[in-house]
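**Q** With chain V held as given, fit chain S onto it using these hints.
Take a look at the letters that make up each chain.
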Amino acid sequence: MGDGRGGESAKVAMAEKLVVKNLNAYFHKNRALHDVSLSFEQDRIAAIIGPSGCGKSTLVRCLNRMHEVVPGATASGEVLLDGNNIYDDGVDPVQVRRRIGMVFQKPTPFPTMSIEDNVAAGLTLNGVQISRAERNQVVERSLRQAALWEEVKDRLRRPGGSLSGGQQQRLCVARALAVQPEVLLMDEPCSALDPISTARIEELLLELKSAYTIVIVTHNMQQAARCSDMTAFMYTGDLVEYGETKQIFTNPTRRETEDYITGRFG
Amino acid sequence: MAAGVSTLHGETSYRYRKFKSDSMMAITVGATIVTLIPLFLVLGYLLTKGVASLNWAFFTHMPAPVGEPGGGMANAIVGTLEVVGIACLIGVPMGVGAGLYLAANRASQFTNWVRFSADVLMGVPSIVVGIFAYAVIVRPFGGFSTIAGSVALAAIMITLITRTTEEMVLLVPPELREASLALGVPHWRTTLSVVARTALSGIATGVILAVARVSGETAPLLFTAFGNRFWSTSLFHPINTLTVQVYTYAISPFADWQRQAWAGALVLTGIILALELGVRWVTGGAAKAPR
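Chains V and S, in that order, give the protein sequences.
Okay, so the first sequence: first residue is 1 according to this note's numbering, each after it adds one.
Okay, so the second sequence: first residue is 1001 according to this note's numbering, each after it adds one.
Hints in this document: simulated from the structure, not taken from any laboratory.
Virtual Cβ for every residue (Gly too), placed ideally from N, Cα, C.
One or more of the hints may lead you astray.
[To be verified] Covered, in the sense of this in silico footprint (three residues per stretch, anywhere, with C-beta under 8 Å from a C-beta of chain S), are these stretches of chain V:
id: 1; region: 64–71
id: 2; region: 103–109
id: 3; region: 117–125
id: 4; region: 209–216
Next up, chain V with everything else stripped away, as it sits in the complex (with noise of 0.2 Å):
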């Protein structure tokens, strides 16, 4: 399952999906980020880990030029993906973001659609022109992938808001995998859900892994440590330390992540 995509890139294995080079990050005056380099490869899971306000969000939203969507927040610096940075002149942002997904905090269906019209909406409202029965498949499909079509085969018609808590995010993880990106970007998926629903996405998280570049912000590290290959720890808009999961938790190389691991503080 979760072949959705082109293949040739996939063939390529542990090929650099998202080079990040000297990203600042500002909001007015404010640096939110220090020159944050790294690079997150195809097919694996890289989650980001730190206390509040180390920018970790910050960091994700630049990487689908999200961040600029709020008034005042600025980005410079390279973000390459597939080896073309996303921030020259006469890049769409609307174009990057096609290519790359993103799941919020707070699950976010758009009330006013039903199931599936909530997941097709990247298509609808891009003005994709598709068959009553492709557009079928594109629903199954993506509701399949997101581990919530047994649960609401039966009532697609029903508003997206209907659903639990953790469902709606699931919805949304769907919504994010209908238009088909490369990458996916989650921002502290799990952080309104209760324990049951957040095991369900971090199970989801593994599937879709070979098929997707997955970038997750995280405020639990235990979550970082289940389901992530790679993990970043930023701390006061500085990157500290970036590497094999394993490595970072078990024999980290800086005082500050293990101090944050340890729980000595965050």
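**A** Positioned in the frame of chain V, the structure of chain S alone reads:
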């Protein structure tokens, strides 16, 4: 619960707070009732006077010549619908558009000025708007007309709708806008299909309030649509409206005209109420059953 509190703070303290709570409740309920009394008095009086005066001829006949009993307000009913309808065609798109613009560009200096102007214009007495329309439309084009009346009413509607639309759009959680943008949906499409769509029933309520408000306006129409004792639906001739007709008949010395003024007031109220229920039903239904 009370037992738990009493062990901590003593029985008197709890009783005192209960007393305070109950008296505040009584005051607010009392205030609500006092507020509703005039509303029911007005509606009740209007109903008793109006229903007694209504008859079929009122809807189907033209105003009778002076001194002759009977007749109706057929032309005024159609005229009101026409003047207000055209005012909506002008005022709703402009007001909603401006409101969306204000909500989407909160921080700029320009929008602050627009918002300030809208607030000031909302406070301008409607008769001033009437004089304005008289000066810029009636005088240059050489006569009272339907279109002049509609423009005057539209001017009142635009400021009201602009502000309510902005407020309603701001109530839409910013997360929805971000969710749409993150799907690669362009800014304009996000504003229309997600933000405005979510705020639709609120925007519609604002539009209805504006329609209700201008449907009851008399002053701006005296200088613009003027009134007409004969049948006319032309855009460029004077047209009769319920408010102006009610005004003329109510201050007349004839008992039959005064009777018809009551009927006119009731019909006007009925039209606004029907409109309100209709739009509420339509937008409420749309919000539940998508497309």
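**Q** All hints, please: hold or fail.
**A** Comparing the hints with the structure gives:
no., hint, verdict
1, 64–71, "holds (count 4)"
2, 103–109, "holds (count 3)"
3, 117–125, "holds (count 4)"
4, 209–216, "violated (count 0)"
When held up to the earlier numbered hints, the structure conflicts with hint 4 and nothing else.
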